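Q: Listed below, chain by chain, are the residues.
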Amino acid sequence: MKKVVTLLLVLAMTVGLFTGCGSSNKGGNADNTPAAPSGTETDSEAIPEGSAADIKVGIIYIGDENEGYTAAHMEGIKVMATSLGLSSDQVIEKTHIGEDESAYDAIVDLAEQGCNIVFANSFGHEDYMIQAAQEFTDVQFAHATGFQAASSGLPNMHNYFTAVYESRYVSGVVAGLKLNDMITKGEITAEEAKMGYVGAYPYAEVVSGFTAFYLGAKSVCPSVTMEVQYTNSWADMTAENEVAKQLIANGAKLISQHADTTGAPTAAEDAKVPVVGYNVDMTLVAPNTALTSATINWGPYYTYAVKSVIDGTAIAADWSKGYVDGAVAISPINESVAAEGTADKVAEVEAALKAGTLKVFDTSTFTVNGSTLEELIASNADYEKYSANVSDGYFHESEVISSPAFGIIIDGITEK
Amino acid sequence: MSKDAVNKELFVRVSKRDSISQKKAWGIRFAGIALSLIVCALVIVAIVNENPIRVYMGIINGAIGAKRRFWVTIREALTLLIIAVGLTPAFKMKFWNIGAEGQILMGGTVTAAMMIYFGDVMPNWLLLIVIFIASSLAGLLWGLLPAVFKAYYNTNETLFTLMLNYVAMQIVTFCIVFWENPTGSNTVGIINGATAKGWFSKIFGLQYGLNIIVVLAVTLIVFLYMKHSKQGYEIAVVGESQNTARYAGINVKKVIIRTMMISGAVCGLAGSIIVSGASHTISTSTAGGRGFTAIIVAWMSKFNPLAMIGVSLFLVFMQQGSIQIASQYGLNTNASDIITGILIFFLIGSEFFISYKLDFRKKSKEVK
Numbered sequence: 001m002k003k004v005v006t007l008l009l010v011l012a013m014t015v016g017l018f019t020g021c022g023s024s025n026k027g028g029n030a031d032n033t034p035a036a037p038s039g040t041e042t043d044s045e046a047i048p049e050g051s052a053a054d055i056k057v058g059i060i061y062i063g064d065e066n067e068g069y070t071a072a073h074m075e076g077i078k079v080m081a082t083s084l085g086l087s088s089d090q091v092i093e094k095t096h097i098g099e100d101e102s103a104y105d106a107i108v109d110l111a112e113q114g115c116n117i118v119f120a121n122s123f124g125h126e127d128y129m130i131q132a133a134q135e136f137t138d139v140q141f142a143h144a145t146g147f148q149a150a151s152s153g154l155p156n157m158h159n160y161f162t163a164v165y166e167s168r169y170v171s172g173v174v175a176g177l178k179l180n181d182m183i184t185k186g187e188i189t190a191e192e193a194k195m196g197y198v199g200a201y202p203y204a205e206v207v208s209g210f211t212a213f214y215l216g217a218k219s220v221c222p223s224v225t226m227e228v229q230y231t232n233s234w235a236d237m238t239a240e241n242e243v244a245k246q247l248i249a250n251g252a253k254l255i256s257q258h259a260d261t262t263g264a265p266t267a268a269e270d271a272k273v274p275v276v277g278y279n280v281d282m283t284l285v286a287p288n289t290a291l292t293s294a295t296i297n298w299g300p301y302y303t304y305a306v307k308s309v310i311d312g313t314a315i316a317a318d319w320s321k322g323y324v325d326g327a328v329a330i331s332p333i334n335e336s337v338a339a340e341g342t343a344d345k346v347a348e349v350e351a352a353l354k355a356g357t358l359k360v361f362d363t364s365t366f367t368v369n370g371s372t373l374e375e376l377i378a379s380n381a382d383y384e385k386y387s388a389n390v391s392d393g394y395f396h397e398s399e400v401i402s403s404p405a406f407g408i409i410i411d412g413i414t415e416k
Numbered sequence: 001m002s003k004d005a006v007n008k009e010l011f012v013r014v015s016k017r018d019s020i021s022q023k024k025a026w027g028i029r030f031a032g033i034a035l036s037l038i039v040c041a042l043v044i045v046a047i048v049n050e051n052p053i054r055v056y057m058g059i060i061n062g063a064i065g066a067k068r069r070f071w072v073t074i075r076e077a078l079t080l081l082i083i084a085v086g087l088t089p090a091f092k093m094k095f096w097n098i099g100a101e102g103q104i105l106m107g108g109t110v111t112a113a114m115m116i117y118f119g120d121v122m123p124n125w126l127l128l129i130v131i132f133i134a135s136s137l138a139g140l141l142w143g144l145l146p147a148v149f150k151a152y153y154n155t156n157e158t159l160f161t162l163m164l165n166y167v168a169m170q171i172v173t174f175c176i177v178f179w180e181n182p183t184g185s186n187t188v189g190i191i192n193g194a195t196a197k198g199w200f201s202k203i204f205g206l207q208y209g210l211n212i213i214v215v216l217a218v219t220l221i222v223f224l225y226m227k228h229s230k231q232g233y234e235i236a237v238v239g240e241s242q243n244t245a246r247y248a249g250i251n252v253k254k255v256i257i258r259t260m261m262i263s264g265a266v267c268g269l270a271g272s273i274i275v276s277g278a279s280h281t282i283s284t285s286t287a288g289g290r291g292f293t294a295i296i297v298a299w300m301s302k303f304n305p306l307a308m309i310g311v312s313l314f315l316v317f318m319q320q321g322s323i324q325i326a327s328q329y330g331l332n333t334n335a336s337d338i339i340t341g342i343l344i345f346f347l348i349g350s351e352f353f354i355s356y357k358l359d360f361r362k363k364s365k366e367v368k
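Residue numbers (the UniProt record's numbering), protein chains in the order written: chain A, 1 to 416; chain B, 1 to 368.
Bear in mind the hints are in silico, worked out from the structure with no lab data behind them.
Model, not experiment: these values are computed from the prediction.
There could be a bad hint or two in this list.
Said to hold, decoys possible - In silico contact screen, one side only, chain B against chain A (beta carbon under 7 Å); selected entries:
1) SER21
2) LYS23
3) VAL72
4) THR73
5) ILE74
6) ASN181
7) SER185
8) ASN186
9) GLY189
10) ASN192
11) ALA194
12) ALA236
13) THR284
14) SER285
15) ASN332
To be verified - Label pairs and their calculated CB-CB ranges:
16) B:LYS24 x A:LEU84: 41 to 49 Å
17) B:PRO182 x A:ALA381: 56 to 64 Å
18) A:THR313 x B:GLY330: 54 to 62 Å
19) B:LEU126 x A:ALA52: 48 to 56 Å
20) A:THR313 x B:PHE30: 30 to 38 Å
21) B:GLY330 x A:SER379: 23 to 31 Å
22) B:VAL177 x A:ALA347: 52 to 60 Å
23) A:ILE409 x B:LYS94: 33 to 41 Å
24) A:LYS78 x B:ASN334: 19 to 27 Å
All C-beta atoms in this analysis are idealised placements derived from N, C-alpha and C, irrespective of residue type, glycine included.
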């Protein structure tokens with residue numbers, strides 16, 4: 001009997017609490033306002049110009065704060081919210097959104113919650129975002145790393161990325177100087193100056209990144225070569241660790257990566273091999289070997305895009321900025337590991353990039369199977385697709401569309 | 001306590017119940033749910049320092065607070081339901097089919113293939129029929145394999161079906177490389193995004209109308225098959241005791257193989273409902289653990305397909321709701337998994353108390 005009575009009491013309490021809350025809900029609590037079961041797309045869509053108070057920003061992330069790539073995006077959103085003075089309930093973040101229908105559900109849910117602009121940060125989200133953009137014409141949609149915004153013809157669909165190849169180039173210079181240092185000290189010969197690169201996928205975004213890194217190293221250390229191996233995953237700590245070990249076993253004297261975890265730096269630290277990271281400062285996991293990391297500041301884009309919505313101005317279909325706009329950088333140089341004079345050289349290279357006097361993909365600095373890129377475009381049908389990108393003696397990366405396009409394996413780099 | 005330890009009789013004794021009234025069983029279940037909600041509330045208060053009632057309002061809001069959220073909940077519940085229904089014949093036969101994930105993936109892969117290769121050559125209604133047949137066949141084959149080995153060589157079906165999940169995963173990975181769009185991206189993207197060929201068409205103006213019809217029809221058919229057909233009876237007998245079944249003249253080998261073909265086919269069909277009816281893409285996460293969650297649904301429903309409707313609805317309701325509170329309170333989505341985990345723990349726990357009773361030693365009162 002007692003059981004039944006307790007049960008009834010619990011039920012009564014639950015019901016009472018729910019109804020009690022139901023009435024307080026009408027008070028217009030900020031957290032509960034998105035509920036609005038009816039009239040989904042009507043309210044708060046038309047924002048008065050120049051008013052940040054009514055704006056709502058939504059974003060879906062592929063991962064969470066524990067994973068470098070997404071952490072960098074979250075940081076960018078924070079920078080945006082602070083600089084535009086948005087309160088926390090004006091920004092709705094959804095983590096761990098997969099690259100399937102759940103992305104569509106999440107994007108649409110954000111739009112229906114009254115978000116004026118919705119961001120997505122993973123490549124596979126793009127198709128679902130385009131689908132949502134067709135339905136919610138009053139909402140702006142911006143997708144990182146995608147390539148279809150311009151070709152989709154939708155005025156409310158945008159792509160963004162950063163010229164991270166610039167900071168990869170700079171981090172490559174840091175790596176090259178370290179190799180030079182090792183050569184001068186007699187630890188390795190000039191011919192042994194081989195770097196290992198842990199890549200995610202054999203895909204333009206990755207190829208562009210490691211080519212820029214290699215060209216940076218080569219600009220100071222002419223004898224350098226590089227071996228690339230892929231993990232076929234964006235974030236697989238075990239695989240990245242294994243691949244880095246394999247590269248070191250294959251004779252790599254320095255390791256870098258385009259994969260999201262700390263797997264490769266950990267392996268490098270164990271083997272006492274210098275390492276250049278990605279996304280986040282790796283000195284925490286590799287204090288004795290990490291030189292620096294190529295990083296992206298997403299803040300400038302998020303600020304730009306949300307500001308555009310507030311001001312009622314158009315957002316570029318493709319956005320990709322680099323050093324000039326502070327969208328890319330390298331993390332603080334680890335002075336105890338890096339070669340002497342690295343900071344000065346880095347400052348010089350960064351200044352040249354900002355001034356536009358230095359082009360990362362300068363076609364006079366590399367060859368493909370012994371020919372220059374210009375020669376290949378003229379003679380080989382496979383390279384014709386790059387004709388729009390190459391002029392004035394360099395490959396115009398991220399200028400035609402925001403996502404990286406350089407997918408060519410140049411001499412000096414071997415793929416596995 | 002040391003005094004108690006001297007006593008040979010334990011403080012509490014667990015014994016199997018002979019029978020339990022429906023009323024009492026449901027009482028225990030509701031008590032379990034109420035308890036789990038209380039524990040969830042404590043956890044939430046500990047993490048976000050937020051009024052638990054408002055958190056529960058957030059759960060309700062997230063699951064059914066808007067028209068589209070409501071439909072997403074329905075869609076996900078239907079998917080879970082059909083998988084649980086698919087597992088039922090096998091489980092009733094005490095054939096532990098842990099391979100629903102693989103059967104779903106195979107059905108999904110074949111569905112994607114049909115969409116890619118036949119999207120332009122046949123009208124949508126015909127394509128959908130082809131998809132239903134082909135995906136069921138794919139799942140059927142994936143279920144047939146362990147069944148044959150079980151029937152003829154008495155292999156361990158739990159391990160066999162589990163391992164086949166990984167094989168299916170590799171086949172999907174291979175197909176993704178084959179179909180990836182754009183090249184090198186490792187994703188297939190939305191298939192037939194422009195033409196919507198092979199997508200479930202709207203019925204009665206409902207986007208998921210066809211999902212509802214197919215899933216409920218299959219549920220009803222399996223319910224009738226299990227309850228009112230001779231084959232369904234044979235399954236139950238084989239599940240009770242293979243020796244009894246043999247004595248009664250039932251061809252056990254035949255029943256095992258036939259039943260797993262049905263089980264696999266329904267799970268394969270579930271793959272088409274995910275790919276063709278919801279995601280319109282194929283990836284290694286297409287099954288997404290639903291093949292395992294469905295095992296819980298099937299058990300909790302005591303293998304009654306109609307009860308599964310309620311159970312899968314409830315589980316998905318909580319899942320969708322906790323996703324909402326995760327974003328509402330700036331929590332990591334892992335927090336929502338914790339809540340769902342607590343809930344499932346208590347639900348499974350209440351099944352234990354329905355099957356077994358605890359006898360507390362009377363003396364314990366004196367000790368206290």
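Q: Checking hints one by one. Is VAL72 of chain B an interface residue toward chain A, by the C-beta closer than 7 Å rule?
A: 5 Å, holds
Q: Less than 7 Å between beta-carbons is the criterion; does ALA194 of chain B satisfy it with respect to chain A?
A: 10 Å, violated
Q: Starting from the range 33 to 41 Å, see whether the pair ILE409 of chain A and LYS94 of chain B falls in it by beta-carbon distance.
A: About 56 Å separates the Cβ atoms of ILE409 of chain A and LYS94 of chain B, which means 33 to 41 Å is violated.
Q: Should the interface hint for SER21 of chain B be scored as holding, given a Cβ-Cβ cut-off of 7 Å against chain A?
A: For SER21 of chain B, the interface hint is violated, since the closest Cβ of chain A sits about 12 Å away, which is over 7 Å.
Q: Hint validation: THR284 of chain B versus chain A, beta carbon distance must be below 7 Å. Holds or violated?
A: 10 Å, violated
Q: For the hint on THR73 of chain B, just tell me whether its beta-carbon gets within less than 7 Å of chain A.
A: 10 Å, violated
Q: Can GLY189 of chain B be said to touch chain A, with a Cβ gap under 7 Å?
A: 5 Å, holds
Q: With a cut-off of 7 Å on the beta carbons, see whether ASN332 of chain B makes it to chain A.
A: 5 Å, holds
Q: Checking hints one by one. Is SER185 of chain B an interface residue toward chain A, by the C-beta closer than 7 Å rule?
A: 6 Å, holds
Q: Take the C-beta atom of LEU126 of chain B and the C-beta atom of ALA52 of chain A, compute their distance, and say whether it sits inside 48 to 56 Å.
A: 53 Å, holds
Q: So the hint says 41 to 49 Å: do the beta-carbon atoms of LYS24 of chain B and LEU84 of chain A match that?
A: 59 Å, violated
Q: Could you see if the CB distance from THR313 of chain A to GLY330 of chain B stays within 54 to 62 Å?
A: 30 Å, violated
Hint violations for this structure: numbers 1, 2, 4, 5, 6, 10, 11, 12, 13, 16, 17, 18, 20, 21, 22 and 23, all remaining hints satisfied.
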